[in-house]
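Fit chain B to the known structure of chain A by using the hints.
Take a look at the letters that make up each chain.
2 protein chains.
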Amino acid sequence: HLHRKCSPSALRNSILTLKTEVEAGASGFSVAGGGNEGIFIKKVLKESPASKVFSLREGDQLLSATIFFDNIKYEDALKILQYSEPYRVQFSLKRKISGKEELEHFHSTAQYKKERLSQSALVLLLSPLTK
Amino acid sequence: HLHRKCSPSALRNSILTLKTEVEAGASGFSVAGGGNEGIFIKKVLKESPASKVFSLREGDQLLSATIFFDNIKYEDALKILQYSEPYRVQFSLKRKISGKEELEHFHSTAQYKKERLSQSALVLLLSPLTK
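For the record, the sequence lines run as chains A and B. Anchor point for the first sequence: position 127 equals 127 in UniProt numbering, and the numbering is continuous, going up by one each time. Anchor point for the second sequence: position 62 equals 62 in UniProt numbering, and the numbering is continuous, going up by one each time.
Extracted from the complex, chain A is given alone in its bound form:
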C-alpha cells in the first residue's frame, strides 16, 4: 500500500511520475503547452475515459505516450510515425529469427545494440518455433 510506504507528509508537495492504464479510446481531454514548457493536461471532461479510465487530471504533464499498433489502420499508423519523426521515440518490435544467417545478423545487431543502448535495450525470448 502506498499509504504505508509514504507518509502523507512525505507525499504532499511532491512530484510523482505515473503510468496510466493501457486502454483504447483516450478521449475527453485537451492539452496545452509545447516546446520547452512541456505538454500539460488542460481540461478533463468528467465521466470521460480520460478521467475514469486513464485517471488524467488537469495540470498533469504528459511525458510520453505509448501507442500499441494492434488492429491499427495503416493510415493512422503512418500519420503517427510521421508526426513523431522529429521527436524521441522508442519502438517495441517482434522479430523472427529463422536461419543461421539471420541469427548471426541478429547477434551482431544485439551486440551493436548492447554497446549503444546498455540499459534501454530489452531482449526477451518469447517462444521457439522449433519443437
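Any given hint could turn out to be false.
Since the list gives no way to pick out one identical chain from another, each pair is judged satisfied if it fits inside one copy or across any two copies.
List time: in silico DSS-like cross-link candidates among lysine-lysine, alpha-carbon distance up to 25 angstroms [as the list claims (entries may be wrong)]:
#: 1; residue 1: 94; residue 2: 52
#: 2; residue 1: 52; residue 2: 19
#: 3; residue 1: 46; residue 2: 79
Since the hints were derived computationally from the structure, they do not count as laboratory data.
Showing chain B alone in chain A's frame:
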C-alpha cells in the same frame, strides 16, 4: 551475454521482442500492413537512422511506439493524440501533489488504479519538494 543464455539452436526459428534505442529522428523506413495483420517494416534505407540508430530490419513487426513529449510542438502532440485515440495507449505523466486535498484525491486515484490496473500501474516517487 545473449550467446551464453541462449544457444544458437535455441535462438534459431524463434520470435523475439525487443525495444529499440530511445532517439529522435526515426527516418528512413516504410511500413505496410494494418488491421488484424499488424504493422510491419517494409523497407529500411541503408545508412539511415532507422537502420543505424534503431536497428530496424525489414519484416520486423512494430508492436508499439513510445513518443516522448519533451520539446514537442503543440500541434504535433495534438495530432499524435488525435490519431492514436481509437487505439490502445498508455501515458506516462508527472503530477504535482501539493496539498492535503490533492493528496487524498491522489490516494483514492491510486487505489482506484490499483484495483483496475494491478500490473500496469507504476507509481514512482521522484523528489519531495518540501525540505
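Results for each hint:
In this homomeric assembly, residue 94 and residue 52 come within 25 angstroms of each other (Cα to Cα) only across copies, at 18 angstroms, whereas the closest approach inside a single copy is 32 angstroms. Taking the shortest Cα distances, residue 52 and residue 19 sit within 25 angstroms of each other inside one copy (14 angstroms), while across copies they are farther apart (30 angstroms). Taking identical chains as interchangeable, the C-alpha atoms of residue 46 and residue 79 lie at most 25 angstroms apart only when they sit on different chains, with a minimum of 23 angstroms there against 29 angstroms within one chain.
Going through the hint list in order, the structure satisfies each hint without exception.
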